[in-house]
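Which chain is which? The protein sequence lines are A and B, in order. So in the numbering used here, spot 79 of the first sequence is number 79, and the numbers just go up one at a time. So in the numbering used here, spot 39 of the second sequence is number 1039, and the numbers just go up one at a time.
In short, the hints are calculated from the structure, not lab data.
Quick look at which bits of chain A chain B covers, simulated, 3 or more residues with Cβ under 8 Å:
no.	region
1	153-161
2	164-174
3	185-191
From a predicted model like this one, the values you see are computed outputs, not experimental measurements. From the three backbone atoms N, C-alpha and C, an ideal C-beta is built for every residue, glycine too.
Chain by chain, the residues:
There are 2 protein chains.
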Amino acid sequence: MARGLLITVSGASGTGKGAVCGRLLETTPELTYSISATTRTPRGGEVDGREYFFFDREHFREKIERGEFLEYADVFGNYYGTLRSYVDGQRDAGRDVLLEIDIQGALQVKAACPEGIFIFLLPPSLEELKRRIIGRGTESEESLARRLSAAPSEIDVGRRYDYAVVNDTIDRAVERIKAIIVAEHCRVERSAELFDALKI
Amino acid sequence: MARGLLITVSGASGTGKGAVCGRLLETTPELTYSISATTRTPRGGEVDGREYFFFDREHFREKIERGEFLEYADVFGNYYGTLRSYVDGQRDAGRDVLLEIDIQGALQVKAACPEGIFIFLLPPSLEELKRRIIGRGTESEESLARRLSAAPSEIDVGRRYDYAVVNDTIDRAVERIKAIIVAEHCRVERSAELFDALKI
Chain A
1 MARGLLITVS
11 GASGTGKGAV
21 CGRLLETTPE
31 LTYSISATTR
41 TPRGGEVDGR
51 EYFFFDREHF
61 REKIERGEFL
71 EYADVFGNYY
81 GTLRSYVDGQ
91 RDAGRDVLLE
101 IDIQGALQVK
111 AACPEGIFIF
121 LLPPSLEELK
131 RRIIGRGTES
141 EESLARRLSA
151 APSEIDVGRR
161 YDYAVVNDTI
171 DRAVERIKAI
181 IVAEHCRVER
191 SAELFDALKI
Chain B
1001 MARGLLITVS
1011 GASGTGKGAV
1021 CGRLLETTPE
1031 LTYSISATTR
1041 TPRGGEVDGR
1051 EYFFFDREHF
1061 REKIERGEFL
1071 EYADVFGNYY
1081 GTLRSYVDGQ
1091 RDAGRDVLLE
1101 IDIQGALQVK
1111 AACPEGIFIF
1121 LLPPSLEELK
1131 RRIIGRGTES
1141 EESLARRLSA
1151 APSEIDVGRR
1161 YDYAVVNDTI
1171 DRAVERIKAI
1181 IVAEHCRVER
1191 SAELFDALKI
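So that you can see chain A by itself, here it is in the shape it has in the complex (with noise of 0.2 Å):
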């Protein structure tokens, strides 16, 4: 059985990562959500190894130090992060792994596992990405400016990754990284089995 593949989706904030991943995951029953490991405290109707792995901190921080993360973040005082051996696991299992994840979290990745698949989302023009950001209404003025100033140097991150994909609607996006999927899965370094399988 060939392994399965470590596939990152990334990009600036406001390019629409979350729809995206989502309609993907809907539409390809045969792609694993890689579940992340957390601090926080759980939330009413989270179970531990579905929505998240739930740690203490101590526990993390150890999980840390051995080396155990293919990424790791602090964010607002709780760590996240993504457990190596759940995602290989998954793909020791035959199962394509999907990684949502932010642009710092992806090029940690690209460090621990080079031959992951790393994806990168862009928006139609920078028009469109200030009407995203603007239109989710949820920023104070100062952020909103933090964020809009931050989105060519974010971007200009992605000529870093294996592929650059135009969120033009979510389901030509959709299409496409199933389309790198489908030819990641054909590249002929994955194909060594059915090569000696031809053998005589």
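Please arrange chain B on chain A, whose structure you already have, making use of the hints.
Below, chain B alone, put in the same frame as chain A:
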């Protein structure tokens, strides 16, 4: 405008290149079939520049000496080849070009144009490949034996390509090749224009 891709589809004899490329072209109007040059005599109804570019041998040899072919071969006393100028003209106009080509030709193209996309068709099994070669019914017993014994080493050359696509059914093989084309257009190294357009 982004430059078009050069896509070669190749494979051991009997893997169904012709049928797969035919279906791919039928269902992908934006894909341009590469017209070969040849020294053979036009058959009834064949038009210069449509089925082939028809050259006399002296003219063809001059072009060989000037390095104007991405690949060429002498097949039973007639030359066949792919003009770099034709392929480049199509690609500069933004069109993807499809080359259906034998294994040796594809390796010549890879040397001349390493940024091309090299797809190798695989039979689902050696037994199925044998059935397909025998099923043609056009082979002498000697030529059949030669083809069958050459198959494993022909297939092994596929490890030097970019992608391996199993031709289990024509439709599935065509879908995989279409996905490869979409994915290759999304590669970051081909997306500089997208990033540049997002600069302030």
